[in-house]
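Student: Going by this note's numbering, the first residue of the sequence shown is number 16, and it counts up by one from there.
There may be inaccurate statements among the hints.
Derived lysine to aspartate or glutamate pairs resembling EDC-like cross-links, with alpha carbons at most 16 Å apart [stated by the list, open to error]:
1. 294 to 257
2. 143 to 30
3. 370 to 356
4. 301 to 356
5. 143 to 31
6. 294 to 356
7. 450 to 405
None of these hints come from the bench; they were simulated from the model.
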Amino acid sequence: MTITELNNYIKHYLEEDKTNTAIMLTGEWGSGKTYYIENELIPFLQDGKKNKCVVISLYGLEDISEISKSIYMELRMKPPIKDSELLTTGKIVAKTVIKNVFGKFGIDTNMSDDDLQNIYSSVDLDGKLLIFEDLERSNIEIVKLLGYINNLVERDGVKVLLVANENEILNKQPETINYNLEKLVSSFLENNIKEDKENSVPEDVQVQRYLRIKEKTISDTIYFENDYCEAVKNIIDIFSNEKLQTMVDKDENIIKKLRSMIMGYCHKNFRIFIFATQKTVDIFDKMEEDYEEDFLKCVYFGIICFSSKMKAGEFPEWEGTEYLSTSLGTNWQPLFKFCYDYIRWQKIEVEDIAKTREAYEKMKLYDKNADQQDMDLQKLYSYYERTESEVKDTLKSIEKRLKNPDDIGFYSYGKLAAYLVMISHVIEFDYAQYKEYMVKNIKGKGSDIDSHLLFLPMYDNLEENEKAEYKKFTELLSESMNFRNHQNDFSYKPSDIEDLYDEATLKSDLQSIKDEYKIRSNHEFISRYNVGQLVEMLFGASSKQIMEFRDVLFAIYRHAGKADFREADICTMKELLQVVQEKINSNDYQDYDIDKIQLLQLHWLCGNLKTFITQMS
Numbered sequence: 016m017t018i019t020e021l022n023n024y025i026k027h028y029l030e031e032d033k034t035n036t037a038i039m040l041t042g043e044w045g046s047g048k049t050y051y052i053e054n055e056l057i058p059f060l061q062d063g064k065k066n067k068c069v070v071i072s073l074y075g076l077e078d079i080s081e082i083s084k085s086i087y088m089e090l091r092m093k094p095p096i097k098d099s100e101l102l103t104t105g106k107i108v109a110k111t112v113i114k115n116v117f118g119k120f121g122i123d124t125n126m127s128d129d130d131l132q133n134i135y136s137s138v139d140l141d142g143k144l145l146i147f148e149d150l151e152r153s154n155i156e157i158v159k160l161l162g163y164i165n166n167l168v169e170r171d172g173v174k175v176l177l178v179a180n181e182n183e184i185l186n187k188q189p190e191t192i193n194y195n196l197e198k199l200v201s202s203f204l205e206n207n208i209k210e211d212k213e214n215s216v217p218e219d220v221q222v223q224r225y226l227r228i229k230e231k232t233i234s235d236t237i238y239f240e241n242d243y244c245e246a247v248k249n250i251i252d253i254f255s256n257e258k259l260q261t262m263v264d265k266d267e268n269i270i271k272k273l274r275s276m277i278m279g280y281c282h283k284n285f286r287i288f289i290f291a292t293q294k295t296v297d298i299f300d301k302m303e304e305d306y307e308e309d310f311l312k313c314v315y316f317g318i319i320c321f322s323s324k325m326k327a328g329e330f331p332e333w334e335g336t337e338y339l340s341t342s343l344g345t346n347w348q349p350l351f352k353f354c355y356d357y358i359r360w361q362k363i364e365v366e367d368i369a370k371t372r373e374a375y376e377k378m379k380l381y382d383k384n385a386d387q388q389d390m391d392l393q394k395l396y397s398y399y400e401r402t403e404s405e406v407k408d409t410l411k412s413i414e415k416r417l418k419n420p421d422d423i424g425f426y427s428y429g430k431l432a433a434y435l436v437m438i439s440h441v442i443e444f445d446y447a448q449y450k451e452y453m454v455k456n457i458k459g460k461g462s463d464i465d466s467h468l469l470f471l472p473m474y475d476n477l478e479e480n481e482k483a484e485y486k487k488f489t490e491l492l493s494e495s496m497n498f499r500n501h502q503n504d505f506s507y508k509p510s511d512i513e514d515l516y517d518e519a520t521l522k523s524d525l526q527s528i529k530d531e532y533k534i535r536s537n538h539e540f541i542s543r544y545n546v547g548q549l550v551e552m553l554f555g556a557s558s559k560q561i562m563e564f565r566d567v568l569f570a571i572y573r574h575a576g577k578a579d580f581r582e583a584d585i586c587t588m589k590e591l592l593q594v595v596q597e598k599i600n601s602n603d604y605q606d607y608d609i610d611k612i613q614l615l616q617l618h619w620l621c622g623n624l625k626t627f628i629t630q631m632s
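Construct the complete structure from the given sequences, taking the supplied hints into account.
Tutor: Take a look at the structure:
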């Protein structure tokens, strides 16, 4: 049922229905029921008239009289009516409400007629819709509560809309008692606890009672299914933030993206989405500079992802680099550290925003999956289902973007090269300029890029002549990268350990080399080396050189967890550990000219490897 259909249905119930029953709107917590009531239904029903809807929350109410008090107080807040309007024909006086109000406030029912008329008029529900929210969150026994509602609709003719998460009512467990406390309390209290246990009502009986009285009291139950795209637009409009609105206006797909995030990450809970939007707007307002839309989107998306992971009373600890976290966000929408700090401590360091942007741009360049979020590349990869004009426009956009070496991720170059070759044979365009830009942009980046991932085989979709072109294209890219494979560049001489150690210690600290390899080298290090050659090198190394090799591993893997490095690194460590231990245990080391200090260093290396394997597994 659409919002329009739901509005019309409730209006028909209010104005035309003669069944003397209530209706129920049910949906999951956070699905937007309250938002719908306040922003869609009430404005629609009131249509310029005031006080047509009376909204009462049942959340936490303990007694029926509290409901009547809430109704009474809500109605008394309306502008005073004229004396001439008192008790006029057609007014619905809710005797059920009056009775409970008298009892709660101790009102003297023997008061004058004029005074009684004033009270009666104040609970006039003629033409009004009484909306009870949070039915499942009331502390009043459900059967008793529905009995009160039944009196309103059946005896007083009041129109009632119940808003609830009925699944919570049907699945609600009866209150239980912690019987472990029996050891700490008196026998008197123990007896009372046992008595309560004996008198408790089984869950299935409660449900059956609820369903019986519901059948009598509620005629229709409508499951609330929000129009998520429309709801997203409305929520964004409410915040009236220029940066947020501009971002939405310029990207026609962002509403669909946000809808998917609400459905997926937020589990259809609009409260999470509204919370995340509020925090995003707060941060946008504190930005002193103008940032690219892509960066702002990542701020927003990362906060949404993180908000979905937050739980009441549990705030996740930071997991990530100095500036961003893919574990608290996603691989494509990382959570930025300055956003995390603001949400947790309501503080933000403006200078951190600029530094974070730089880190984010660098991450995108070395992100293997960045093309999945790149609309131009995705259009190009599906060129066969698009018009020639659309493909040409996309090619122009990509050519323009390639002028900026920091725009398109380097791991997209291999696939992009293949598609440029393919498309050039379909619509006959010259990709020479594209090639020139790509060769220039990737120059000298070989040490930071895994060439095996960059140049994945693309031959399935290529003709023989296209294969030859693609091979020449990738050879140029590879040559420009000056890719130096660690296995080829590393001679496995003990002196190479010193070079590796010197490279590590040239950093500001040893931790930084870990971050370097983790982020920019595709989460792998030791798996790039040949185990057999490493063993030969280590058994020919001095005590100091073995220690320096251990220091390098320690710097890289000291804080590594399961998600930090690829499985290949763990496998390589296991193999290295096994071979070194076998040589030590079989006395094969006697074939090498090593002393007991060197042997001790090798034992310590085995201990380090065991530790890393355990913590990464």
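Student: Which earlier hints can't be squared with this structure?
Tutor: 7
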